[in-house]
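**Q** Residues per chain are reported as follows:
Number of protein chains: 4
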Amino acid sequence: MTYSVAILGASGYTGAELVRLIATHPGLEVRALSGDRKAGMAMSEVYPHLRHLDLPPLQKIEEIDFDGVDLCFCALPHATSQAVIAELPRSVKVVDLSADFRLRDPVEYEKWYGKPHSAPELQKEAVYGLTEFYRDEIRGARLVAGTGCNAATGLYSLLPLIRAGVIDLDDIILDMKVGVSGAGRSLKENLLHAELSESWFPYSVGGKHRHLGEFDQEFSKAAGRKVEVQFTPTLLPANRGILAATYVRGDAAEIHATMQAAYGDEPFFAVLPMGEVPAAKHVRASNFVHIGVVKERAAGRATVYATLDNLTKGSSGQAIQNANLMLGLPETEGLMLAPVYP
Amino acid sequence: MTYSVAILGASGYTGAELVRLIATHPGLEVRALSGDRKAGMAMSEVYPHLRHLDLPPLQKIEEIDFDGVDLCFCALPHATSQAVIAELPRSVKVVDLSADFRLRDPVEYEKWYGKPHSAPELQKEAVYGLTEFYRDEIRGARLVAGTGCNAATGLYSLLPLIRAGVIDLDDIILDMKVGVSGAGRSLKENLLHAELSESWFPYSVGGKHRHLGEFDQEFSKAAGRKVEVQFTPTLLPANRGILAATYVRGDAAEIHATMQAAYGDEPFFAVLPMGEVPAAKHVRASNFVHIGVVKERAAGRATVYATLDNLTKGSSGQAIQNANLMLGLPETEGLMLAPVYP
Amino acid sequence: MTYSVAILGASGYTGAELVRLIATHPGLEVRALSGDRKAGMAMSEVYPHLRHLDLPPLQKIEEIDFDGVDLCFCALPHATSQAVIAELPRSVKVVDLSADFRLRDPVEYEKWYGKPHSAPELQKEAVYGLTEFYRDEIRGARLVAGTGCNAATGLYSLLPLIRAGVIDLDDIILDMKVGVSGAGRSLKENLLHAELSESWFPYSVGGKHRHLGEFDQEFSKAAGRKVEVQFTPTLLPANRGILAATYVRGDAAEIHATMQAAYGDEPFFAVLPMGEVPAAKHVRASNFVHIGVVKERAAGRATVYATLDNLTKGSSGQAIQNANLMLGLPETEGLMLAPVYP
Amino acid sequence: MTYSVAILGASGYTGAELVRLIATHPGLEVRALSGDRKAGMAMSEVYPHLRHLDLPPLQKIEEIDFDGVDLCFCALPHATSQAVIAELPRSVKVVDLSADFRLRDPVEYEKWYGKPHSAPELQKEAVYGLTEFYRDEIRGARLVAGTGCNAATGLYSLLPLIRAGVIDLDDIILDMKVGVSGAGRSLKENLLHAELSESWFPYSVGGKHRHLGEFDQEFSKAAGRKVEVQFTPTLLPANRGILAATYVRGDAAEIHATMQAAYGDEPFFAVLPMGEVPAAKHVRASNFVHIGVVKERAAGRATVYATLDNLTKGSSGQAIQNANLMLGLPETEGLMLAPVYP
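These protein sequences, in sequence, are chains A, B, C and D. Under the working numbering, think of the first position of the first sequence as 1, with each following residue one higher. Under the working numbering, think of the first position of the second sequence as 1001, with each following residue one higher. Under the working numbering, think of the first position of the third sequence as 2001, with each following residue one higher. Under the working numbering, think of the first position of the fourth sequence as 3001, with each following residue one higher.
Note that these hints are calculated values from the structure, not bench results. Each residue gets a CB set at the ideal place from its N, CA and C atoms; glycine is no exception. All clues stand as given, with none of them false.
Simulated crosslink set (DSS-like; lysine-lysine; CA at most 27 angstroms straight-line):
id, chain 1, residue 1, chain 2, residue 2
1, B, Lys1188, D, Lys3188
2, D, Lys3111, A, Lys295
3, A, Lys188, D, Lys3295
4, C, Lys2295, B, Lys1111
5, A, Lys115, A, Lys226
6, C, Lys2124, C, Lys2221
7, C, Lys2208, B, Lys1295
If you anchor each label on the Cβ, the simulated ranges turn out as follows:
id, chain 1, residue 1, chain 2, residue 2, range
8, B, Met1041, D, Met3336, 47 to 53 angstroms
9, A, Lys221, D, Glu3137, 55 to 61 angstroms
10, A, Met1, B, Asp1036, 45 to 51 angstroms
11, D, Met3336, C, Asp2168, 47 to 53 angstroms
12, B, Gly1328, A, Asp54, 24 to 30 angstroms
13, B, Arg1090, A, Pro57, 50 to 56 angstroms
14, C, Ser2004, A, Gly40, 50 to 56 angstroms
Sequences and hints are given; from them, build the entire structure.
**A** Structure follows, in structure tokens:
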């Protein structure tokens, strides 16, 4: 059976990545595409690499006929998403890739995003889209909130350890090295090739990165108490990928065993042998996650390394994985594409 | 029906690319892998990005049991290939990715590769693997010789024009800009990141590039007379891709129409609207070819631009496309993966 | 003796490059900097790499006191430059880095730049800033028009050959591979890291690149007849540098000898041994030019390769070289910085 | 006055960087160059970017006449250096860029480098080359041991804080992001462009990086007690630069004030305003160091960011700074070259 999907905000990188993945997904077909500023254009004009596909033109959202659309991917900017989703027919399932429905607490939402939420009712209904940890809720959800890409990387690095109680909850530092596509196709000076190539620098420093809201919510929930980690990303001269070093206090062997237990049966995860470390390129353009655990020389210190592709497992691949569950399709369908190397 | 394949020389980039493509190919499965210097290692040690796959270990070629192997991809170094293929059971079909069987004339082979061919009988039997131009022969072949990656790019740019007689045969210049993976995973100083990043330079200058042998053979055959083009590649700080500018004398509109006629029905080709030009990234990690035609300001001058991914359409994707034909599978099976962007 | 200079348009890359070079130039000091949209900011806010220098703040042009300014570098956008320069005191020497005064013929200017020139009197007065070919005129000039960076590369490749009459004037093709900084710090989608890294593509195709105006002017003048070359640049995933392949008809040995005769005594030029080719990185961040000549396999065919750094020898370094001449300083002063490698 | 220097091991990147810097240094001239495997070649064959310089040919060390050589830079591999330096005339001052004389304690040397030191007498005599902290000793030294490039970055980040007692000595984590030229020009698979571009990965994990020996020595000495930090570098797809995030416990304002006090008068240092962070490219190809301090959201937590160019301030620029002191030249002579941007 083939399900029809609409992609709202298809002119951004996550939109293009959704189309790329759906192109060889046997259970999904693209029924409609929206791109407000590019409405009227063919997708192949905006993204010539999709030229071989027979795709509907970019439309304004209000022009889309949602009859026959089974599921809608919303890859719209933050804040826009909540307004648009509130207007969609209730019969359409929704996977939202924006930040709008990630935080359950409206107070937290306002704290991190700077204004009140406009659709608090929907916010309650939304299921957090970290598939491996919310699988059952996602299966039955109408609205799934895709995680932040950095958030996913950090959550995968820590959630099993917090749940199992094998690390000190008050001394966790996340240092992420991230490619530039996470910032989208926006025209900002520091995203120019001439600025970024041969450069790298931290950003959103000092506890200001918005994905901290997701960390606080999920880690505190898992621990049953307030947990606030330290997290800073560094932007790298690379297009795709996130590699996180998570500095923790705990027994490395116990941490490694906990990771193996948590992810051993997961189709998209590989826990490397103790002491081995992943490389960002080993998962590029794929839905896979590689995790390594290293014992440090100081007693009781360990480091967890995790890598994923921000556009695939960190957003659009995750979205399709969730859509598969919501539509009753096999969870891995369309997502077993091997990483592209070199 | 699933066919079993062996990949000889799986530790190189074209070997890894074959495995990547076969991973989601419904009609092929990897039965055996060889890698002489890495025999005994798991493929995931050599290429951790393939860690999620259940693959046979790397063996020495002589350890491989070819019983039950339907087709063998040979991704071995030049000269090694001819010796190995001569020893394979005749029941095994072969797609060779080396240069060993591309040139029909032993004299030409020796001229470009510096020593006599050791398997001239096989050389006669081999079919040149430029799928769109040798489809029928490939279907019936036991041994197909994959083209050079630069050769493919140039042949796609020119063969329809030479066949149609719409360009001057004595004034053709091919200027190719190529990514570094075409040079393989070999340890050479000028392939180091520190050397190549922020640098670019021509190589094999002065009519010395070996793919000229393929050009001479195929263009002369198509023209029914001797044709010798001028060709120089420039190595770029990029991993995948070839973009060729072909400078010709001819009527741009006629050239464009000829291209449309030649490639209009080809599943992997897009001929862009007149005056538009392709970008290397628009076909990255895919089997697609984008072609553009531009009219120059000087009367009777035009430029043909063509781009493809050297590891996919330029070698391993082409190899699978040919294998599909040889095995009676649909030609595009496993090859419709969309390009990875950005 | 130290001369005082102003830099108008200091917030662009050529402005920053001027400051970089002047920082260790013993004969020049920066008296004033303009940057209209960034007026009021410190240069170190716009370019933190210049933080160690004691520089005047960015001002609006009309706020600058030109008393005591010996020479003004204008790194303003095209069309703005002509209006601004017309208002400068006649006592201030000017090196203009824009395109405004490169073309002597107002008709040609309008043809390539799309509107009439607003300061045709100044246009007459301007000396074309290709130092090695206009040294004497530059020494006595008040207004020098810096060349286009692609134009400089092509002119260096061809002017000696055209003057010496050793190549066919009607069959010249310039294929340039260029880094992205030539496009400036402007916010354009195709200049984003995510778009350009791992991509490359031709632009201004079909005889539309504006530097053709400079080629037509200078080559025709050198030849004493109309010469119109073919020229297309390809944008690469690299920040600095231009490498030109110039395809010509002529005797390679004679071409090589002509180059050696033309550039043998030039302090910034190296003519490589016959058959050797330059690499872009060998001149990076320097004022040097490397030139190679290659004999092609077709009789009477040769290729000239030339590389320079577009921001240094192609614009700001050239500008300082010209300023040195105009101010009576040694021509190479401040410009002997060795290339940065790797 | 001009001093004559020899560079032993000139065919590596630090050797080439020494030549680049000396090219415009008014007080130094290159008298001799060694490069064992490349003896007999011109430096311009090994590094064509130095083609414009009049340099002595590469020789074997034993062929060099040290008469008239005032100072010798040793850019030889570890272990080789100690044997060579032991044979040099005592009248020649030496700046060693290898690891051979960094560690004062022979036991520590053997622990980190795996074999006994062969010149323990020289080891005692050597002064550690962290200029800003050993200025007086360096002035009078005959043998100065250049620091590791990562070591320098970490020492600059922490030494003032440890001396001032403003951070917790038992909870220090150094996360460094480093460019590839620190690994030298060696032929290793993971240094290939195809491997590293679009990839990044930690290495020497688990407390195994040899620069920890320098950290242990210098931090313990500064603290007057044993201090063992945690340190892991991540290799990035970039050529030059190191950016360290140092995670500490301490009052951010106090840390910032301590940094300003320590570095306020240093010619090569900039301490950014509180909360601002450096970028690797802001110091590229220069001898400058940029330092930022950020207050974290957890009480008593701060992060120190420091960036320098591994080939300049991290090795060859530092070496020249030290040589200037040893020869009685102004400390900054030849080293005020502005960073290259973009």
